Structures are given as C-alpha cells and as structure tokens.
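With chain A's structure known, arrange chains B, C and D on it following the hints.
Protein chains: 4
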Amino acid sequence: MSGNIIGERFVAISFGESHGKCVGVIVDGCPAGLPINATDIQSKLDLRKPGQSIITTQRKEEDKVEILSGVFNGNTTGAPICMLIWNKDNDSRPYEQMRNTPRPGHADYPAMMKYGDFNDYRGGGRFSGRITATFVMAGVIAEKLLQQILGIEILAYTVEIGGIRTSNLSIDNIRKLRYSNDVRCPDPSIVEKIKGEIMRAKSEGDSLGGVVECTALNMPIGLGEPVFSALESDLSKALFGIPAVKGVEFGSGFEGVKKRGSENNDIYKVKNNKIITMTNNSGGILGGLSTGMPLLLRIAFKPASSIAKKQQSIDLENMKETEISVPGRHDPCVVPRAPPVVEAIVAIILADHAIKYGLIPPVLKR
Amino acid sequence: MSGNIIGERFVAISFGESHGKCVGVIVDGCPAGLPINATDIQSKLDLRKPGQSIITTQRKEEDKVEILSGVFNGNTTGAPICMLIWNKDNDSRPYEQMRNTPRPGHADYPAMMKYGDFNDYRGGGRFSGRITATFVMAGVIAEKLLQQILGIEILAYTVEIGGIRTSNLSIDNIRKLRYSNDVRCPDPSIVEKIKGEIMRAKSEGDSLGGVVECTALNMPIGLGEPVFSALESDLSKALFGIPAVKGVEFGSGFEGVKKRGSENNDIYKVKNNKIITMTNNSGGILGGLSTGMPLLLRIAFKPASSIAKKQQSIDLENMKETEISVPGRHDPCVVPRAPPVVEAIVAIILADHAIKYGLIPPVLKR
Amino acid sequence: MSGNIIGERFVAISFGESHGKCVGVIVDGCPAGLPINATDIQSKLDLRKPGQSIITTQRKEEDKVEILSGVFNGNTTGAPICMLIWNKDNDSRPYEQMRNTPRPGHADYPAMMKYGDFNDYRGGGRFSGRITATFVMAGVIAEKLLQQILGIEILAYTVEIGGIRTSNLSIDNIRKLRYSNDVRCPDPSIVEKIKGEIMRAKSEGDSLGGVVECTALNMPIGLGEPVFSALESDLSKALFGIPAVKGVEFGSGFEGVKKRGSENNDIYKVKNNKIITMTNNSGGILGGLSTGMPLLLRIAFKPASSIAKKQQSIDLENMKETEISVPGRHDPCVVPRAPPVVEAIVAIILADHAIKYGLIPPVLKR
Amino acid sequence: MSGNIIGERFVAISFGESHGKCVGVIVDGCPAGLPINATDIQSKLDLRKPGQSIITTQRKEEDKVEILSGVFNGNTTGAPICMLIWNKDNDSRPYEQMRNTPRPGHADYPAMMKYGDFNDYRGGGRFSGRITATFVMAGVIAEKLLQQILGIEILAYTVEIGGIRTSNLSIDNIRKLRYSNDVRCPDPSIVEKIKGEIMRAKSEGDSLGGVVECTALNMPIGLGEPVFSALESDLSKALFGIPAVKGVEFGSGFEGVKKRGSENNDIYKVKNNKIITMTNNSGGILGGLSTGMPLLLRIAFKPASSIAKKQQSIDLENMKETEISVPGRHDPCVVPRAPPVVEAIVAIILADHAIKYGLIPPVLKR
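Residue numbers (the working numbering), protein chains in the order written: chain A, 136 to 501; chain B, 136 to 501; chain C, 136 to 501; chain D, 136 to 501.
Derived from the structure by calculation, the hints contain no laboratory data.
Any given hint could be a false lead.
Taking lysine-lysine pairs in the BS3-like style, the calculated list, with each CA pair at most 25 Å apart, reads [what the hints assert, rightly or not]:
(1) A:K455 with B:K409
(2) B:K156 with A:K444
(3) A:K223 with C:K156
(4) D:K223 with B:K156
(5) C:K455 with D:K406
(6) B:K394 with A:K337
(7) D:K409 with A:K500
(8) B:K404 with A:K455
(9) D:K394 with C:K444
(10) C:K394 with D:K330
Quick partial rundown of chain C residues pointing at chain D, CB under 8 Å, derived from the structure [unchecked claim]:
(11) I141
(12) P245
(13) S315
(14) F385
(15) F389
(16) S440
Heads up, incomplete: computed chain B residues facing chain D, CB under 7 Å, no partners named [stated by the list, open to error]:
(17) N139
(18) I148
(19) G155
(20) K156
(21) G168
(22) L203
(23) G213
(24) N254
(25) V498
Here the structure is a predicted model, which means the values were calculated and not measured.
A virtual CB, placed ideally from N, CA and C, is assigned to each residue, including glycine.
If we strip away everything but chain A, and leave its shape as in the complex, we get:
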C-alpha cells in the first residue's frame, strides 16, 4: 500500500504539505455511531500547535480543524471522515535560497535525489513536522473509540530532553501534569532545567533531542497478530512515520538487554482474582500480544536538523562544498510538541488492532 496510509481496518490517510493549501487526513473504517465534533479534535490539535511558547517555532498557525465528510448529526456514519486544516502563515522565501543546498540531517538530500525538482521543497513539503497535525486529527477519533468502548487511556509525555532525564514518574502526575508545562514533562523537578537547556541551545542556533514515553492503561489481553503484525511491529511502523524518530523500544528495551532472564522476566501474581505482573519489563507485550498490563514504549527523537548554526553542506548544482545556515522559524527541540502526536499514532494502531480482534463492533450501540 502506498506510503501515506496506515492501518488496515481503522485506516488513516495523510495528505497536504507544509506550505501548500492545507494538511489533512482521511479516516476510513471508523465504526458508525461514534460522537465526534470539531471541538474534540481541536483541543488535541491545540496541544500540538506551533507558536505556543518561546521554546517552539514562532510560526503562527490557527490550525483550525474542518470536518468535510463522514460525520452526520454529530456521529460518525461509517463513511470516510475527511478532516483538514488550512495553512495560513507560510513564508516560503527562505527555502528558495537553499533549494540546491541540502540541510545536513534533513530529508532534503534524498528527497531531491528521489523526486528531482518536482519535490515541493517549501517548508519541507511532505517531510515537514507539520504533517503530524494530520496524525493528531485521525488519532483523536481513534482515542475516543478506544476510550469509549474499551476504556483504554493513552498517555505520552517527555521523559528526556538534552540529556536531562526524569527519574520520578507516577501515573497520577502523568495524567495531571504532562500538558501543564511547555515541555510536556510530568516531572516538575526537571521542567525548568529542560526549558533552560532548550533556550540555551536555541540561543546558540542549535537544537536538542529527547525521549517521549507512552503508556496505555486498561489494555485488553491478546491484541496483536503474530508474527509480523505483532503489536510492537505495527506500533513501531507507525511511530517511525513521525519525523525525527530514530528509535523505538518497549518495556525495558535497550536497557533490558543487560539484565538476566531471571531479572527481566515479569513474575506473575494473582491480585483481586486477576493476573498481573509486579514489574513491566515486557512493556505489556509478550509474543507480540498485549498482556493486559499497561503498554509501555519509548521513542527516541533526534535533535532537530534545521539549525541556524552554520554547517557544511554541498552546492548540488556545482557539486562543491559550501556552508548553510537554516533561516526560518524552527523548533529548537521537537520533543515538547511530540506527545499529542505519539498519543495519536498509538491510538490509531490500537484502534486498528481492537477492530481486527473483534473488540469494537462495526456499528456502536446508541
């Protein structure tokens, strides 16, 4: 299937470019009977919106969602739901200058080689972080579906930026605090340190990377289809569609490889006549199937590649080395804007699997 499509039964198709008319998404396969309105989607979009604080890009976009199809009398109908936001604050001039000089670390170079000068380079075109707004719109619908039918709650939040990492998280704080500060970190003890670090990088024309963690509570048992549609498989496929993601791990992940089996295995217990594990090194997935424990995954975001600092690059027309300093308005760190995007992507995949597993009917009861 072509690259802009994710999911099989709950399907999202993303379209639009950073500096084109709009960015949008179609959700196909959403069951009929889910109450949806623009406000639901808008609240989540607003959490991702640019220009909200000094640590994000200064591009001002209203990002107002418009629902074009698939919703009738306030409910989904079972037909494809097309949603979009019109682009407004475009300034494509800086991109003209660097058409032949690829930004190091950015998609520019392979995109030029692949699509030639047909590529819409303005604002990064399809490779812009702006397209993650389309994931959010689709994700809200998935989240609502999961929440309403299965009680699943999805929470993503910053756990590390610029080498500063939280070591102090509780589900309560995650729920309450993750969107209460600019860096989207539920550990108040490091929020200001991280902000300082981002501002320092920004002032030096540089950028920072970080890690977003995501958990999903009230998971059913048995979601996932071994072997290649394992829950880890489908989640990672979708998560790597987010620009700047370079790693995905579940449970104890890369740290877990240093443990012994006897330490890393999660021991089963009976609690209130339910089987649980005391630890969650598996991240809630064994054999590609959800175990009923919370889903737990982490995503590595590389430092943003577009920086003001001078860097060496190539003048492609003359095939000689040159320097580039990326003008324009860029996020010094994309991590603070990532949690709503991660929640959306995780929701899309879980909704897809929940439908495939027969947990969500094609038409919801009124």
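Just chains B, C and D, lined up with the frame of chain A:
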C-alpha cells in the same frame, strides 16, 4: 493483512510450528530469473541451526531445506516459492507439564488467553524461535536478489551480550569474522569473554540478552516511501517479528538524543564526485528515505525467557501462585543465533522496497 | 484494506457524501513529474456532470474541481493528491419522508440494517451515484499517466440501453462520436431511438438499464498478476464499485460460452513482424495477463432503482407494507453518465498494474 | 499484495505448479477452534478430482490432501494452515514440443512474453486448471466456518454447457442432485444431452464452455464494504482468478439491463416478521451489501483453449505461422469440474467479509 505475511511486492508468508510437521515459508513476488538452489539456502540456514555449539540449545535439527515450488531449471519462475524444513527432534513432553503454568516473560500467558486451549503450546508453537528459520529461507532469496541486481551487501553481527560490548569494529572484520566464532561477534577481543558469560548464565539456569547490529552496504538513494512506509517503518515492523526483540534503533538512535543538532547532523562532503557524509548518525536514512550511505541499525534482544531457574508463576486452573522451572533444551542467549535472521529480515524489506522503487525488474535478464 | 480504497501502488481513496459538504478523492502513489492542472480534470468531470440534458437528473451542480495537495508548479510531486468538489444543489427534504421506507432495488435497506440510523441517508449518502465524480477525478490522473508514458488510450461508450443495442461500431466512430451525443453512444443510427426510449420511461416514472463497453488501445503485454490479481480480477473489483453495476465480462464473455474452443480461441498471426490475433474473443487478456491486443470489456448497469412510479415497500418502524414513490431528481437511466466513470476506473487499475509491472517509473523524466 | 494471495482477514495463498512437486495453499487468519480434518477436505477435493468420468481429463491424480500446519488435536489453532497435494501423474513431454508455439486462447503467449523462458511451461505451470485444487482446500475451511458459525450454505452447479441451459431448478434439487451426475447439473432433464454434447465436442477434438451458477443461503444482512470492497467487488476479483472465467454477473445481471426499474426492483414484503423480497434480481446484494436474501451469481466459463483440433499459431523462434494440435490429456469442458471450485472461492470471500464484519470471532467457543 493477516499476521504471518510481510512485504507487499516481495512477500514472505511464514507457516509451521516448533513441534508440528515442519516450518516453512512462501515467497511470492520474487522476479523470474533468479538462480536459486537448495545449497544457497542451506548454507545460511546452517548458520542459524540449533545444536551447533555449547552455547546454544542442544535440540538437534538437520534443518534441511526442501524447495516445493517456484523454481524451474535452477531459476525462479515468478511463481510463489514454497520452501520448508521437516521437524525431527521434537520432545513435547516437558510442555504438557506446564500447560497451565505460563512461563514468565514468554508468550504463554497472552497466547493462552487469546487462543484458549486451541493454542499449539508444544515447544512454543508459533511463538518459538524456531520459526525464524522460515525468515532465513525467504531472506536468502531476497539477499541474492539484492546482491545480484544492486550489489547490496547485508551484514549482521553481535555487538553486545550480557553487558559486554564491542568498541572495535571494522567492515573488514565484520565481513571476515562475524560467522567465525560461536557468538557471531566480529570483535575477537571480546568473544571469549562473552562465551564465558553465556556459560556462567547457563550453569546458573539463567539467560542473557544482547544487541545485534546490522549494516547494508552499497545502498541506492531514495528507497523508502514516506510517511508510513518509511524505510525505518517497514524495517522495524519486520524486525519486531523476531521473537525476543524489544527495541530497534537507527544510526545514533537512543544515544543520539543526547547530542545537539550540530553534532548529530551528518555533514555532506564531495568525494570522488559522489556525495557522502563523514559520520553516519542517520543510519543511512533521512526522511524515511535511504541516503546512499550504509544502512545502520541495532536490535535489542531481551534475555531469553525460558530458564531452568525457579520462578514464580500462576497455576491458571486453580488461580493460585506456584513455581516453575522450565525444563527442555533452550538457548541461554538467543543473540548468537540471531544475525542470519536479522540479515534475512533486512533483506526481505530492502528487496520489497527495491521492487516498489522500480530498481528490480519483474523478470531478470539472462 | 477498508472499502473506500482501490489500488496498491496507484491508490485512490474516495470520500464525501451526496448531500454533505463535498465529494473528493486522494490519489496516493502517483509518480512525480506528471503535469496536471484543474482544467484536465474539469473537462472529464464535465462529461459526467448532472443536469446536462433532458435525459439526466435535473440536479444542477457546477462540479468544479479544487486541487488541495500533491501538485506543485503544475506537476505532481509524488505526494498524495487531494481533489474535491463542493456540493451545492442539495435538497435533502424528500429523503426525510422515506427514512423508514427503503426504496426497492436501492441500498437503503441493507444500509439501514448495517449502519442503523447513523447512516447519512440524504441523497443516498455514500451510496449515491454522485460519488462516481470522485472516481473521475482520480481517473483523469491515471489516464494522463497511461497516455503520456505508454500511449494507452481508453474509450468507454454506451452499447445498449433499454434493449436497443448497437451492431455497428468502429474505433474511429468510438473516438469521434462517443461524447458527441447525450447517450454517449458512438452509433448514430440508434442514438435517437435510445433517447426516445429513455424519455418514454421517464414520462412513465420508470427507468432503464444498459451496457457500457470499454476498450483500451496500445496495451503492453504482460500486465496482470495471476492468479488473484489477474487483470480481470482487479478490473472487475473496481468496476463493481460503480453503483448499479451487476455484471462484468471480458471479450466474448457470456456469449462466448456458447462457442466451441475452435471458434472462441483467437488465432495468432504475424503482421508487420508483430504477433496479433484476428479476433479478440479474449478481450485482450489470457491467463490474467494482457496480450497486447485491445482490452475489451462490458459492464451491465441495472435500471436505476429510484423511480417515481409507485412501488410496494415496507414501513420499517411499523413493520408493515406500504407504498413508495421516489420524489426528487433522478436519472431515468444512469448509463449515459457512466462512460467517463468507466474510463476512470479502468485507467486507475491499468495505472496501478503498469506501476507494479515496472512500466512507469516513480519519477517521470522532465 | 502479490497475485497469489486473496482475502485480508481470512487469507488464502496459493502455490505450486501443474507438473511441479505439489500444489498447495496456506490459509492465514482462520479463527482458532474450528474442527478440521483431512477427510473434510478430501471429500470436496474428490468432487474436483480429474479422471473421474469420460467427460473429464484422463490425468489420474490421487489428489490426497496433507495438512502440514495450523491444526492441533483436530482443531485450527489460529496459526497459518498449510495444506498440499503431491503431484504424481505428470507427463511433461508434450509441452516440450510446443514451447515455442503458443496455444491459441491459452496463457502461453503472454506468459512467454512476460516471464521469458523462465516460465514453467510444463502442463501450463501456474496457469493450469490444476491450481484450482488449492482453492478448494482453502475453501473447505471457509465453508465449514460459515456453515458452523452462521449457518450459511453455498451451492454451485452447472446451468449451461454447449448452449444447453436449464430452465428448471429448485433448491431441493440443487442440494440433492448437483453432485449426483458427471456434469454437476441439478436438472436431470438436460444432463444426458449435455454429456452427449461434450462427448461430441471431444470426439471432434474440440471443447465447450458453459455457465456455473452459485447461491448462498442464510446470508446475514450487511456483509460487504462499499465502495471498492463491495461484496460484488471482492467476489468477482476472486472468481476471475479461476482459469477460463470471462464473465461474472449477480442477480438478473446482463439480462436485467433489458428490464425497466419497476420490473427489476425487488419488492419488499414482510413474511413471518422478516423482511424479504419476492424476486431476487439483485442477487442478494444492494449497494455492495448483502440484503439477507440468497446470494446469486453466475460465472461464464469459456470453452477450454487446449484442443486436439489443428489450429493456426506462430512458431515464435522463427516468427512464422505454423499449426498446432494440442496433445496431452485435457478437459473437453472445464465446467463440470468447476462447481466445487466456485463454492470454495465464494466461501473464502464470504468468510473474509464475515470476519471483517465481526460476525465470526477470532476464537470459536468450544
């Protein structure tokens, strides 16, 4: 698409169980005209075969491949290629005892919950590491295709086991040494240390995890289809199909998030009129597209969950806690057997993308 | 994959409802570098537009296409192309009256049963013939691609309406005359007869069915992928997506079954050093593969189900029999508006297969 | 997805060649807990088996099914089910002679052009009617699933051969008589006439075509996913995968186009508090959705292309015209062997849709 299928144009469909009659695979979509014989496949299968050294399971399997279809006069015909190996050395008795007592860290529990007592629990059934033999058979065909048409070379090797990590790798050593020792590590300075560590864990009835790295040389530019069929997306989806994989990262991955953009961006250079980068923090992928630099990824394998050491578990029938000690023949560390599997999986995805990108024709020239 | 998506490499995703805000389509997978503008699409849309003559519905729709994404500087970029037309002339009042009384022969009844009262019943919602406008928009792009790269020419036309069938067709006439008259029939000798028949049915509050034939010239050899992605398979799958289609046949089709093999087999000849057949009973497809002869297929359109004539139906609320007379503006025969739709659908499938077969590169040469 | 795969949730993957080692199929996505044994499959395979009567090919094949995976203790496990039959009675010699002389009406020519001399031409290779045995094996599982969970009964039978058509059918006769005679026709009054016609054609070195009709009883309402996964869409896609099929129609089909809407619309009635229609011109599908009335479709099989009679063809090596008389053992009419194949294909698609529609759970109750 159902879970045992990977790829879209070069497609592998895995079947068979650990203690069933056989494990096998169909490759559909392989271009006509690729010379293939059982020996090609056998040599790679032999690198994954159990019972080869004291550090792997003592299950003795000949693992002799049989090609059932799709090859005629020594060449692929364009028709589906079915290959299988017959299981021989099954001992299902230990599994009877633990039918109601899930092994901690293993797929047992969610599989029981999902499939009930229809699940083929013998030897782990479909959740056994044995099914990776089916990936290898399909992968050999993909590797040959990539090698012959595009000159791509895929190399996977152990970089860490039990916390012992190499810091000394060269492409030459990787090529020459990775299969020269039991742990599949191209750094001779740590091979014996790792073996010792594995033997120690084994003697204590425990297991170890580790990291496999994989590189692909002579990559074309532009492989991958943003956004959800990004090269990272499709590679990770397939890699998480390997049992025990809990993390996948590209280039600088989780370490890279600690760097600044100016450090992590790979600076472009012109060398012999070709554009290259001096570092490869991107792992050869930007914007989901291959850059022409070597593909570079790492996979986290958790310590094997089946251990002889006593662990707490649940007697599901009586819903009360009990102890389990996993009898039978298990790998104390699956990492040494993983590199041929990783090479196979990477090859399948690259072949699929190369065909989709028009780099491999549907019929090869004689 | 969800139902509103067709194709695998050249993919069309249809959205929108008859009386919603708009109807639209995304094309994903179109190669970069195809010159496209709104005028190309508009000319074809105009051939399908309602309200053009007395024999079609009197709904007045401008049907003006708007391209939202995927085109930059007049060329496709390789990114998804979203196109839509805004609905204007909606009159949903008649549909309120018949919400509980399904029109015989229409999707009303199963749609109510499937989607309950979440179904957007206004104007038939997703089941309206109006969604075929979305096929046309996608089809124009496919047609242009096929025409420009492979020289393929696709021609669809009416061969039968209300039992009146042409027996006199030539490629020249088909090219010149098919869109020169209201019934889209390239046989001038029956055009007026058909119009008379349609007007008679209309005046009696009734409707007519008919047959559309489609041919594609300059076909390459070998398009199609046996067995389930045979050219007939994928063409018919897409063609049955057109409302009112109840049969699809290739070459001699249902008539051919009465022949003997010696009559129905197309004898090979050499002509100008090219292999051709004198007859084309195969419709240009053997073994699911194109033969290089013209593609030839026919599609059965049932008489439109929405008629003014009184018919028996059920009052679903009270589960008792009642009568219904469908008010509103309906086509007494959908066949005259079908040829551009059929051309579009055939083009989409041929483009998809041509890309899969490596005949169209991912980026076109300038 | 590659061509040998059909279905999305209930998936069949066909492999093997006419004169290779075997023909086989994998079913992936079958729910766990369906009782399956070789005998179930064998009984249906036997209805398709060659060499059963004087009117079919004299190739003698035992066609004994072997189940290789996915069944444990007599039940499906949810894992892929691989089944195959070993080829025995191959005689490839006749095919050597005609390697360069394509049989008119057969896949030979486009297959040679597409796959070159890599094509496995022996016995038609993948293009042989023999691969329909793989459809039957998969279909039996689908049929059992539909029958056991939903009570759906699928019945296919000959309605026309060599121009002789039944006009006298009852469900009772269809059930009882369709497999009681060599031509698989439930109308005893024409069986002998048809047999005579086939024998006459055979004795003249010629072949006949015909029509198979298929009905499915106890259909649920709402199966199908508009617009491109309409029930007609997916059924026709799969049915055209059967060699020699050149047309598919539903309900009144091509005849229905001659009717007026008021005649062709099926009038709703209430009977025993259930909504039914007195006629079934829709073939049980409206708007791509099942209506609850019996599914009804017809398939046109062209006369077999391999005939003993001399026909003109081309010597491809010397590009000059020559004559060919097809030796070997061929069916003078494939229709009598088609009904079990049609039942199988229809079952696969209905099972796929029933799973997608949530009517069949992923694990069956014991």
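Evaluated hints:
A distance of roughly 10 Å separates the Cα atoms of K455 (chain A) and K409 (chain B); the hinted pair therefore holds under the 25 Å criterion. As the CA atoms of K156 (chain B) and K444 (chain A) are separated by approximately 62 Å, the hinted pair breaks the 25 Å bound. Of the supplied pair hints, the one linking K223 (chain A) and K156 (chain C) holds, its CA atoms being roughly 22 Å apart against a limit of 25 Å. Taking the CA atoms of K223 (chain D) and K156 (chain B), the gap is near 22 Å; set against the 25 Å cutoff, the hint holds.
Proposed proximity of K455 (chain C) and K406 (chain D) is supported: the alpha carbons are some 10 Å apart, at most 25 Å. The suggested pairing of K394 (chain B) with K337 (chain A) holds, with an alpha-carbon distance near 14 Å, which does not exceed 25 Å. About 22 Å separates the Cα atoms of K409 (chain D) and K500 (chain A), which keeps this hinted pair within 25 Å; it holds. For the hint pairing K404 (chain B) with K455 (chain A), the CA-to-CA distance comes to about 8 Å; that is within 25 Å, so the pair holds.
Between K394 (chain D) and K444 (chain C) the CA atoms are separated by roughly 15 Å; this keeps the pair inside 25 Å, and the hint holds. At most 25 Å may separate the alpha-carbon atoms for a hinted pair to count; K394 (chain C) and K330 (chain D) meet this at roughly 16 Å. Here the hint on I141 (chain C) is kept, as its CB sits about 4 Å from the closest CB of chain D, short of 8 Å. Hint on P245 (chain C) holds. Least Cβ distance to chain D is approximately 4 Å, under the 8 Å limit.
For S315 (chain C), the shortest C-beta to C-beta distance to chain D is roughly 23 Å, which exceeds 8 Å, and the interface hint is violated. The interface hint given for F385 (chain C) is met, as the beta carbon of that residue sits about 5 Å from the closest beta carbon of chain D, less than 8 Å. Residue-level restraint check for F389 (chain C) holds (minimum Cβ-Cβ distance to chain D is 5 Å; threshold 8 Å). A hinted interface residue such as S440 (chain C) counts as satisfied when its beta carbon comes closer than 8 Å to some beta carbon of chain D; here the least separation is about 5 Å, so the hint holds.
Given the 7 Å rule on beta carbons, the hint for N139 (chain B) holds: about 5 Å separates it from the nearest Cβ of chain D. For the restraint placing I148 (chain B) at the interface with chain D, the shortest Cβ-Cβ distance is roughly 5 Å, inside the 7 Å limit, so the hint holds. Restraint check, G155 (chain B) versus chain D: the minimum CB separation of about 5 Å is within 7 Å; hint holds. Hint status for K156 (chain B): holds, given a least beta-carbon distance of 5 Å to chain D, under 7 Å.
Nearest Cβ of chain D to the Cβ of G168 (chain B): about 5 Å, under the 7 Å cut. The hint holds. Interface restraint check: L203 (chain B) against chain D, minimum CB-CB distance 5 Å, threshold 7 Å, status holds. With a least beta-carbon distance of about 5 Å to chain D, the hint placing G213 (chain B) at the interface is held under the 7 Å criterion. About 6 Å separates the beta-carbon of N254 (chain B) from the nearest beta-carbon of chain D, less than 7 Å, and the hint is met.
Given the 7 Å rule on beta carbons, the hint for V498 (chain B) holds: about 6 Å separates it from the nearest Cβ of chain D.
Going through the hint list in order, the structure does not satisfy hints 2 and 13.
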